[in-house]
Amino acid sequence: MTVAEPATYDVTRIRKDFPILDRRMAGDLPLVYLDSANTSQKPTAVIDALDEHYRQHNANVARAMHQLGAEATGAFEDGRTKVADFIGANRREEVVFTKNASEALNLVARVLGDAGRVREGTDVVITEMEHHSNIVPWQLLTERTGANLRWFGITDEGRLDLDQLDELITERTAVVSLTWVSNMLGTVNPLETVIARAHEVGALVVVDASQAVPQLPVDVAALGADLVAFTGHKMVGPTGIGVLWGRYDLLAELPPFLGGGEMIETVTMERSTYAPPPSRFEAGTPPIAQAVGLGAAADYLAAIGMHNVAAHEREITAYALDSLQEIDGLTIIGPKDVDMRGGAVSFTLDGVHPHDVAQLLDSRGVAVRAGHHCAKPAHQRFGVQSTTRASFYLYTTTSDIDALVEALHHTKTYFGA
Amino acid sequence: MDVDTLYQEIILDHYKHPHGRGLREPFEAEVHHVNPTCGDEITLRVHLDDGRVADVSYDAVGCSISQASASVLNDLVIGRTVEDAMGLLDDFTELMQGRGQVEPDEDRLEDGIAFAGVAQFPARIKCALLSWMAWKDATAQALDSQEERTDA
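Protein chains in written order, with the working numbering: chain A, 952 to 1368; chain B, 7 to 158.
Be careful, since some hints might not be right.
From the structure, some residues in chain B lie toward chain A, with a derived Cβ separation under 7 Å [unchecked claim]: (1) VAL9; (2) PHE33; (3) VAL37; (4) CYS69; (5) SER70.
Simulated from the structure, these hints should not be mistaken for laboratory data. Glycine included, every Cβ here is placed at the ideal spot set by N, Cα and C.
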């Protein structure tokens, strides 16, 4: 990993790009936003792109024969090109726009079943640290097809337990689907090892990159996975748009997901034939303004440089891990070492429930998430019902972390813990 | 919004020293309710005797608001007729959904009035109502099972 020269990464300047960071919260307190793994804040460049699209270019895409239609179609497809470039896709047609990452993963699970890739007698392998959106679609698929669902466990340290790698991924395995960066533990998984084993036995690999694309340099062509899902709103883009990237030859083999407008080649009353990817998987009016906004988000991050974003994330995470561990009664759930780790830190505080922690932090202007973070099995693995999670991004400062620590001390005093 | 409005002393006392916690026999119905947005859980048993709430026993994991609410529920409904207790449930629900505009009746709701502040924190209303909804469900099931026995 290239470490940014301090002079090249100016967090104060970056913060000026995010108008919401100037908000004052109740009691005239400054906003300390530590919930970026939930959703990131948006820079002016993205807000302006959405605004300009609606003010100047709004029309439906691919079917309107007027000037605005051509402009909107051009802008929408530019968004696809920008996203493809940002993630290192070989072809722009490998980028399918969905509603969010959950829909992208559901799309994959549905069409792999319909294609007969996952069927009775085959295995689907996931992990215990997945977000519910990378568990439930596979449960639905295996229940529907009679395939077996198997999963990797988690070590005490919060790493993927690869001891059973060869026993879990076998000749029977049709698909391995796993997260790149855990939204709860912060763990960065060793994808190369899993991908190598999966491909050795002819299994497809699906990667949930929802927490990875926002904070790591990503090159899907080099990664070697077959399908990668992520969402726009966690990478400073708008809500309402997600991405499924897939190898073009694989996408071209797979049947459609939803039926409707724009995904067809031709329709008669008896049957239809389907458009090539990506249109095959994009039924109905797509998230047009959102694609424009996501393109602007990709440009924004690319201009800063994802190596710089990753280096900053690492620096802030290291600072947070050190600061939080100094608080008596605070236990971090997940790796305590910054290596192979993302910027989400989940923890418990003795004697205070996470909801109460979050409420007290909020009363100090500090926004975090409390609950199971849509990862109940991972919580169960560590014997906790819920945790408080602080998560960081390119605009997070060490003063934000200091404010968190101060507010946690206040919380302890308040609850007499 | 002042967080002290939410965390009244009464609530923190019930949280630290909950009344009637634990699962007990006998009971006619047991339910398990969860708050899916945050994962708070409660297992709750109801024992009815001659039209009265003879016992409400529970095992719960969750935040101070949900725990304190279960404790107050236990205080309020045990010993009352089912009809009277259902009336209390209505009063408590009205207070929770009243956006801070409902003046609670202390004679009726006793320590329950401390939850008036919760109504101003929309994200926490479900926490306060979790045990009450579980109690309502369990009581309805207990009444059903009594009817079945009477019918038989």
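How the hints compare with the structure:
Contact between B/VAL9 and chain A, as hinted, is supported at the beta carbon level, the nearest pair being about 4 Å apart and thus within 7 Å. Hint on B/PHE33 is violated. Least Cβ distance to chain A is approximately 24 Å, over the 7 Å limit. The beta carbon of B/VAL37 is not positioned within 7 Å of any beta carbon in chain A (closest approach about 18 Å), and the interface hint is therefore violated. Among the interface hints, the one on B/CYS69 holds; its C-beta lies about 4 Å from the nearest C-beta in chain A, closer than the 7 Å criterion.
With its C-beta approaching chain A no nearer than about 5 Å, B/SER70 sits inside the 7 Å limit, and its interface hint holds.
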